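Trainee: Position chain B relative to chain A; hints supplied.
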Amino acid sequence: MTSTAIVTLAAVLVIVLGVSVITRPRHSSTVDFYLAGQRVGVATNSWAICGDYLSAASFLGVAAAVYVSGLDGAWYAVGFAAGFVPVLLLVAAPLRRYGEFSLADFLGRRLRSDSVRLHSVGVVQLVILCYLIPQSVGGGITWDLLVGHGILGLSPYSTGVLLSTAVIAVVVASGGMRGTTWNQAVQFLLLFGALLWLAVTVSADGFRYGDAVENLSQEPLANPEFTDGDWELTEETNSIHPDEPATFGEPGARYGWLGQVALVVTLGLGTAGLPHVMNRYFTAPTGRAARTTTVWVLGMIGIFYGLAVMMGTAAREIIPGAVEEHPWLEELTVDGVLRVPEHALPVLGRIYGDEAGLGLIAAAALIAAMSTVAGLLLASAATWGHDVYERHINPRATQRQAVWVGRASTLVAAGIAAGLAIALRPDAFTPAMPSLVATMVTWAFAIAGSALTPVVVLAIWWRRTTAAGALAGLISGSVIAIAMFLTASFMEPGALRELFAAPTLVAAPIAFALTILVSLRTTPPKEADSDWVIMHGTAADRHAERMAALTLRERRRRKDGPNAR
Amino acid sequence: MSLPTPAPDDGEVRDTPAEVDAAFRTLRRISVTYFLVFLAVVAAFPVLSLTLNWWLDSRLLGNLSPGFLTVGVGLYAIFAIIGIAAATLSSSVEQRMLGTQDERQP
Chain A
1 MTSTAIVTLA AVLVIVLGVS VITRPRHSST VDFYLAGQRV GVATNSWAIC GDYLSAASFL
61 GVAAAVYVSG LDGAWYAVGF AAGFVPVLLL VAAPLRRYGE FSLADFLGRR LRSDSVRLHS
121 VGVVQLVILC YLIPQSVGGG ITWDLLVGHG ILGLSPYSTG VLLSTAVIAV VVASGGMRGT
181 TWNQAVQFLL LFGALLWLAV TVSADGFRYG DAVENLSQEP LANPEFTDGD WELTEETNSI
241 HPDEPATFGE PGARYGWLGQ VALVVTLGLG TAGLPHVMNR YFTAPTGRAA RTTTVWVLGM
301 IGIFYGLAVM MGTAAREIIP GAVEEHPWLE ELTVDGVLRV PEHALPVLGR IYGDEAGLGL
361 IAAAALIAAM STVAGLLLAS AATWGHDVYE RHINPRATQR QAVWVGRAST LVAAGIAAGL
421 AIALRPDAFT PAMPSLVATM VTWAFAIAGS ALTPVVVLAI WWRRTTAAGA LAGLISGSVI
481 AIAMFLTASF MEPGALRELF AAPTLVAAPI AFALTILVSL RTTPPKEADS DWVIMHGTAA
541 DRHAERMAAL TLRERRRRKD GPNAR
Chain B
1 MSLPTPAPDD GEVRDTPAEV DAAFRTLRRI SVTYFLVFLA VVAAFPVLSL TLNWWLDSRL
61 LGNLSPGFLT VGVGLYAIFA IIGIAAATLS SSVEQRMLGT QDERQP
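These protein sequences, in sequence, are chains A and B.
Note that my numbering has the first sequence beginning at 1, numbered continuously upward.
Note that my numbering has the second sequence beginning at 1, numbered continuously upward.
Okay, chain A solo, but in the shape it has when bound (with noise of 0.2 Å):
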């Protein structure tokens, strides 16, 4: 192990426990546990959803989707972008006043039915999984590269799923959505200056966007491809014009146009039902905080990903040059292009920065598994400790026992996934895919957006939803997502794959109209006017926002002293 690789490890231990350590939690109840005390202010819940929501995906994922399909792997980072829009427009500030701790929650109670919140949390639990493992995989990728050596006879990428995974379960698991919160805002901060560090060290450097764009065009896209025992470069077939050469700077090295659109709805829809992101927003003061909060998160993470594209550009124009430089490059190209696609931003970071600029690439990298492995874990606690041991098993469970079940499913569900990313080696599945890591996190896009979406923005805004339609919807969405995207393995490259892999475009329509259909048969709960003026009103944030200036003219004029007027 290098010194570099010693120092970066220490300090994103340092930040992950220091962070806990001083926010760790002061009371023992479930809505300190899973919601920080709902008192997260604007700024510092933006900086966490960013924290939560830019995972090793969106880091490691989007710069190698780039990478290795040029433009067309810039639709993710679109994807991922658009889904706060929905988010901020049909969710965030009605979600936050009808108040509870989970989606599951929010279900079972606005349409009143156990039925419905346990089999929200049956759907709820499959996204967690979908986007837990390629978390960890990315935890474990980081760690080959950045140390290269395993412990207690592991191989190194097996160590750093399991360290990384640990560390973080054992954070949640004490600092609850407190310790969680700031962690994630300090390491959304981390992560968002690594990548601000890269892009103005290769701009100065003499980088010009527009034209590697260009320079990346003028030749056919070709990538390394595992065949016969040997790696060799093998051009991208073009999706859209087949009997043209896919190039860089155009459309179709990846995608048809069908394939663009499945993709973007996918990742659009699916936010709005990422119970790790939507969860945050019941810790917000009020609706109109939620709101607000979205729009700074829109903000950031806009820029996060317009760099993320740029940087993803910049390795694929500036590695196949430095390989006679940096001769440690030749065993991780073919040609000058890079065998595992993930690896592009620690790469760009080792040759502009050496051992210090890979160790802080690489220590982003690990922070955003991290803070999105936080945020899964927390999630998967409240499910489980919430909706299903305090509201099922054990509805007269004390507080202290709530929160201990939802520390021990947050060990459970952090054990199961450090194991299926052990056995989902990344090396069996990149010369398959263009980048593992965002593909797998679609999985789960797809699924939250074609089960969960339907349903919850059907709760919020039709007053005619009932639990059997919502039942209908959750079980429509969630089959179809899976089976059309488990078809796709299986299918020959064309626009129905690209279709099938993105499934929401099909599946989420389903869903609506049979919630639809399946509502307007059954009666909906007599509750529905109440809960209307709950989620639509705002009585709530005008009386939290009255507590809030009260309190703090109370403390200013404690401040000022007794002569204070």
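Treat the hints as calculated values from the structure; they're not laboratory data.
Hints are supplied without guarantee of correctness; some may be wrong.
Derived list of chain B stretches under chain A, where covered just means 3 residues or more per stretch with a C-beta under 8 Å from a C-beta of chain A [stated by the list, open to error]:
(1) 41-55
(2) 59-71
Some, not all, of what chain B presents toward chain A, calculated at C-beta under 8 Å [as the list claims (entries may be wrong)]:
(3) R14
(4) D15
(5) A18
(6) A22
(7) R28
(8) S31
(9) A87
(10) L89
(11) S91
(12) S92
Here the structure is a predicted model, which is why all the values come from computation and not from measurement.
Ideal placement from N, C-alpha and C gives every residue a C-beta, glycine not left out.
Mentor: Just chain B, lined up with the frame of chain A:
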């Protein structure tokens, strides 16, 4: 444990169902309108690529084509603008249509 439903009882006025319903309808119109704008913006890319050669062949800012510029930078800016506009309008509608009785209180 269930979170308590907020019930301001310290002299503040609750929203009436009629007020909320009116505000809800206005907010729904705003959300649907902006959502359609959002869909149109995202769907415009493949349509422009199919219909205008200029979209991918010409060069604009920083020697990037309009298409690449849109995917690399432009769409994120448009999303942020949609977000700011919709949030500002929604909050202002809520402020105008709800809680008006609070203001009349001493």
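Trainee: Each hint should be assessed against the structure and marked as holding or not.
Mentor: Do the hints match the structure? See the list:
Three residues within the 8 Å Cβ limit are the bar, and the stretch 41-55 of chain B against chain A gives 6, so the coverage statement holds. Residues of the stretch 59-71 of chain B with a Cβ under 8 Å from some Cβ of chain A number 9, which satisfies the need for three, so the listed coverage holds. At its closest, the beta carbon of R14 of chain B sits 5 Å from a beta carbon of chain A; the interface hint therefore holds under the 8 Å criterion. The beta carbon of D15 of chain B is positioned within 8 Å of a beta carbon in chain A (closest approach about 4 Å), and the interface hint is therefore held.
The criterion of a C-beta within 8 Å of any C-beta in chain A is not met by A18 of chain B, whose closest approach is roughly 10 Å, and the hint is violated. Annotation: A22 of chain B was flagged as interfacial toward chain A, and the flag is violated, the nearest CB pair being 10 Å apart, outside 8 Å. The beta carbon of R28 of chain B is positioned within 8 Å of a beta carbon in chain A (closest approach about 6 Å), and the interface hint is therefore held. At about 4 Å, the closest approach between the beta carbon of S31 of chain B and any beta carbon in chain A falls short of 8 Å, and the interface hint on this residue holds.
For A87 of chain B, the suggested interface contact is upheld, since its CB lies about 5 Å from the closest CB of chain A, less than 8 Å. Hint status for L89 of chain B: violated, given a least beta-carbon distance of 11 Å to chain A, over 8 Å. Of the supplied interface hints, the one on S91 of chain B holds, with its beta-carbon coming within about 6 Å of a beta-carbon of chain A, less than 8 Å. The beta carbon of S92 of chain B comes no nearer than 11 Å to any beta carbon in chain A, farther than 8 Å, and the hint placing it at the interface is violated.
Violated hints, listed in ascending order, are 5, 6, 10, 12; each of the other numbered hints is respected by the structure.
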